[in-house]
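Asks: One letter stands for each residue in the lines below.
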Amino acid sequence: MSRQRSLKLALTLIAVVLALVLASGGLFVARGADPIKIGFGMALTGGLSANGKPALLALQIWKDDVNKKGGLLGRQVELIFYDDQTNPATIPGIYSKLLDVDKVDLIISGYGTNLIAPLLPIAMERKLTLIGMFGLANNEKYQYPNYFQIQPAGPDPQTSTAIGFFELAAKQNPKPQTVALVGADAEYPQNALVGARELVKKFGFKTVYDKTYPPNTTDYTPIVRAIKATNADIVFVASYPPDSVGMLRAAHEVGLQPKMFGGGMVGLMFTSIMTSMGPMLNGVVNYDFWAPEPPMLAFAGIKEFLKEYQARAEKEKMDPLGYYLPPYSYAVGQVLGQAVEAVKSLDQQKIADHIRATEFNTVVGKIKFGKNGEWAKGRTLMVQYQKIQGNGIEQFRGAGTKPVLWPDELKSGNIIYPYASALK
Amino acid sequence: MFSWDLLANAVVAGLLIGGFYAAVSLGVGLIFGLLDIANIAQPAFVILGSYAAYVLNSSYGLDPILTGLLLTPVFYLLGAAVYRVYYTSFERRGEESLRGLVFFFGILFIIEVSLSIIFGVDYRLIQTWYGSRSIEFAGVGVAFRYLVPFVVGVAMTLALHLFLGRTFYGRAIMAVSQDRLALRLMGANPVQIKTIAFGVGIAAASLAGALLISIAPVIPSTDRDYIGRMFAITVLGGMGSIGGTLVAGIVLGIAESLMATFFGPSWSLAVSFGILLLALAVRPAGLFGR
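If you read the protein sequences in the order shown, they are chains A and B. Okay, so the first sequence: first residue is 271 according to the working numbering, each after it adds one. Okay, so the second sequence: first residue is 3 according to the working numbering, each after it adds one.
Everything labelled a hint here was simulated from the structure, so no lab data went into it. No residue lacks a Cβ here, since even glycine has one placed at the ideal position from N, Cα and C. Any given hint could be a false lead.
Okay, the calculated bits of chain B under chain A, using three or more residues with CB under 8 Å as the criterion [to be verified]:
#, region
1, 4-17
2, 45-56
3, 105-119
4, 211-219
5, 259-266
Okay, the calculated beta carbon distance ranges per label pair [what the hints assert, rightly or not]:
#, chain 1, residue 1, chain 2, residue 2, range
6, B, N191, A, I663, 51 to 59 Å
7, B, L103, A, A568, 51 to 59 Å
8, A, A627, B, L100, 35 to 43 Å
9, B, Y62, A, A612, 40 to 48 Å
10, A, Q460, B, G63, 37 to 45 Å
11, A, T628, B, L103, 35 to 43 Å
12, A, K694, B, M176, 31 to 39 Å
13, B, F107, A, D426, 24 to 32 Å
14, B, G96, A, K373, 26 to 34 Å
15, B, Y62, A, L567, 53 to 61 Å
16, A, G662, B, F170, 51 to 59 Å
Example chain B residues on the side facing chain A (calculated, C-beta under 10 Å, incomplete) [what the hints assert, rightly or not]:
#, residue
17, D124
18, Q129
19, R135
20, G189
21, N191
22, R226
23, D227
24, R231
25, G255
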């Protein structure tokens, strides 16, 4: 073999090796540009879809915001989601597909306690990091360290809905003495009632009525009439949206006017229900997670998020204000995104360790997770509907119709007590 | 906690809600009770009626009851069309039992999903001028929100009863439910008669839906809450007995109301279905069934 031929062969070999290196480099580059897939099921139909759809929109806004800024770890973010139909039985199938077929990098939960319940064991089995979206006390039994929950329930989720209600009641002068507790036979109301019973004991009230009703009840007047017959000073209701409307309307029809009314009524804060019920809401003291009051609007990014949400929600025919769940859904994305950027990896354990150890800045304020993955300090608000006139939506956009009464650090108004005074 | 005042109120509340239950169940009474077609999509048509009332109320301010009444011809035609498809695809081939059931399941989901896509999934509710009013007579409160559906429910029952008993087509519907072959020998077309009956059953859903949305907020999936109750009332009243449907609705309404007032509302449904089982054990054909 001549020297020239050897040189040619060597050059060819070098070229081939270089080409292979470049090609593989190219492959790595292409792989590096693959999107980060985040998978979840979401209630887009069925009973919880009124919240599931806005939650999805909020996540999509977060994804768009992140992608505009270059994505996570230099990769775009892609959301892969399926309709869980508000049916817990669909969850194992949806997440198996997400993990085994779609090969998502990260998962989050859909909306609601019942939909998170079957997902938690799956996350535990596969050692995944999971952020739950508004699940009440899901992790009490499992105590899975890599589960985190975005609802600001705090370390004692069962009492979180009712604590503000009973603390406010205990502060009134003269202090109310008797309590009626009523709620639906379903997961959330049952949990809320367990917490309420504990608080009734803690604050020294006397229970004069404690009953539950089936979730598909149509007429609430017999229930409200029975409560009225007990002359309870305060009435704590733990209900889902249709029952909340039914209970409130029945209370007005029967003339039930305890000193405080409300507590854990889901749905009253939904725009469609607020505008339908109008002045009937006046005086109700109820839990909430967000209200357009100055302390809540001070959090960085919330105004921009709501502006974008409200513009898109109108087109997509969903809750036009989005004050209940959407800010927290957006915060789920923020927590996950900040954690991925901080650990510079998609390693589930590293992400979980970081979430557990870090305080996050989000559109709903600072979030630090604690025991069982719940917020280290609870922040379920207690608000009171006040001065509502007519059924127009505009009055609900700004401050004043739903001042925050509790906790003190976010307080923006004073309670009108007793309930009847707010009805005038 | 017993008092005569509470008892009277519970009975009146049960009576009123019973009238509403009857209004919602009349379509099932006609289609399932008389024609023997297990139309499990009936609650979805009721919800469709609710949304139709909502649209006309929010756009033109029309009263939901009036809207429900105005739309009955549209629902009638819709029902007639659905029956024709069902007949051509399943009944004519003798495949109505299982495949027909799947067909109506499909209709139910199509209506539900279509409503979700068109209207979104927010709760919808109609507040009428009378909806927040109530009157009290001798210590018994009557909410107009329930009084109006009760009156409409009774009127619907009466109208349907008269239609079935006094008109040619009504009698033909009763005949087709009893002896299809004999009806054919008399020169009447059973398919045409069943088309009319099915259409009337779906037209009833228009009014029932309008009543529902003036009582409680609805979302597209609200139909699922009513499937069991509607069929239970039809069976308890007696298959094919329109008057029985009203009586059964009132029996269940009063039972639920009494339970909710005196023993705890969580027992209401259990007691209602207990009554159904007991009644069927004593009278397998239902209260007024033949």
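Asks: Hint by hint, say whether it matches the structure.
Replies: Hint-by-hint comparison with the structure:
Coverage of the region 4-17 of chain B by chain A holds. Counting CB-CB distances below 8 Å, 6 residues qualify, and the rule asks for three or more. For the region 45-56 of chain B, the stated coverage by chain A is not satisfied: 0 residues place a CB nearer than 8 Å to a CB of that chain, which falls below the threshold of 3. Counting residues of the region 105-119 of chain B whose beta-carbon sits less than 8 Å from any beta-carbon of chain A gives 3, enough to reach three: the coverage restraint holds. Only when three residues or more bring their CB closer than 8 Å to a CB of chain A does the claim for the region 211-219 of chain B stand; here the count is 3, and the claim holds.
With 6 residues bearing a CB less than 8 Å from a CB of chain A, the region 259-266 of chain B meets the requirement of three and the coverage assertion stands. For the pair B/N191 and A/I663, the supplied restraint of 51 to 59 Å holds, since their beta-carbon distance comes to about 53 Å. The supplied range of 51 to 59 Å is met by B/L103 and A/A568, whose beta-carbon atoms lie about 57 Å from each other. Distance hint check for A/A627 and B/L100: the Cβ-Cβ separation is about 58 Å, which falls outside the suggested range of 35 to 43 Å.
Distance hint check: the CB atoms of B/Y62 and A/A612 are about 56 Å apart, inconsistent with the given range 40 to 48 Å. The supplied range of 37 to 45 Å is met by A/Q460 and B/G63, whose beta-carbon atoms lie about 41 Å from each other. Taking the beta carbon of each, A/T628 and B/L103 are about 54 Å apart, not inside 35 to 43 Å as hinted. For the hinted restraint 31 to 39 Å between A/K694 and B/M176, the CB-CB distance of approximately 57 Å leaves it violated.
Between B/F107 and A/D426 the C-beta distance comes to about 43 Å, which lies outside the given range of 24 to 32 Å. Between B/G96 and A/K373, the C-beta spacing of about 48 Å breaks the proposed range 26 to 34 Å. Distance hint check: the CB atoms of B/Y62 and A/L567 are about 37 Å apart, inconsistent with the given range 53 to 61 Å. A beta carbon spacing of about 52 Å between A/G662 and B/F170 agrees with the range 51 to 59 Å that was offered as a hint.
Checking B/D124 against chain A by beta carbon gives a least distance of about 4 Å; that is within 10 Å, so the hint holds. Proximity of B/Q129 to chain A holds as hinted, the smallest CB-CB distance being about 6 Å (cut-off 10 Å). For B/R135, the interface hint holds, since its Cβ comes within 10 Å of a Cβ in chain A; the closest pair sits about 8 Å apart. Annotation: interface hint on B/G189 violated; nearest CB of chain A at approximately 45 Å, more than 10 Å.
Of the supplied interface hints, the one on B/N191 is violated, with its beta-carbon coming no nearer than about 39 Å to a beta-carbon of chain A, more than 10 Å. Hint status for B/R226: holds, given a least beta-carbon distance of 8 Å to chain A, under 10 Å. With a cut of 10 Å, the hint placing B/D227 at the interface with chain A holds, because the nearest CB-to-CB distance is about 4 Å. With a cut of 10 Å, the hint placing B/R231 at the interface with chain A holds, because the nearest CB-to-CB distance is about 8 Å.
At about 8 Å, the closest approach between the beta carbon of B/G255 and any beta carbon in chain A falls short of 10 Å, and the interface hint on this residue holds.
Consistency with the previously given hints fails for numbers 2, 8, 9, 11, 12, 13, 14, 15, 20, 21, ordered from lowest to highest.
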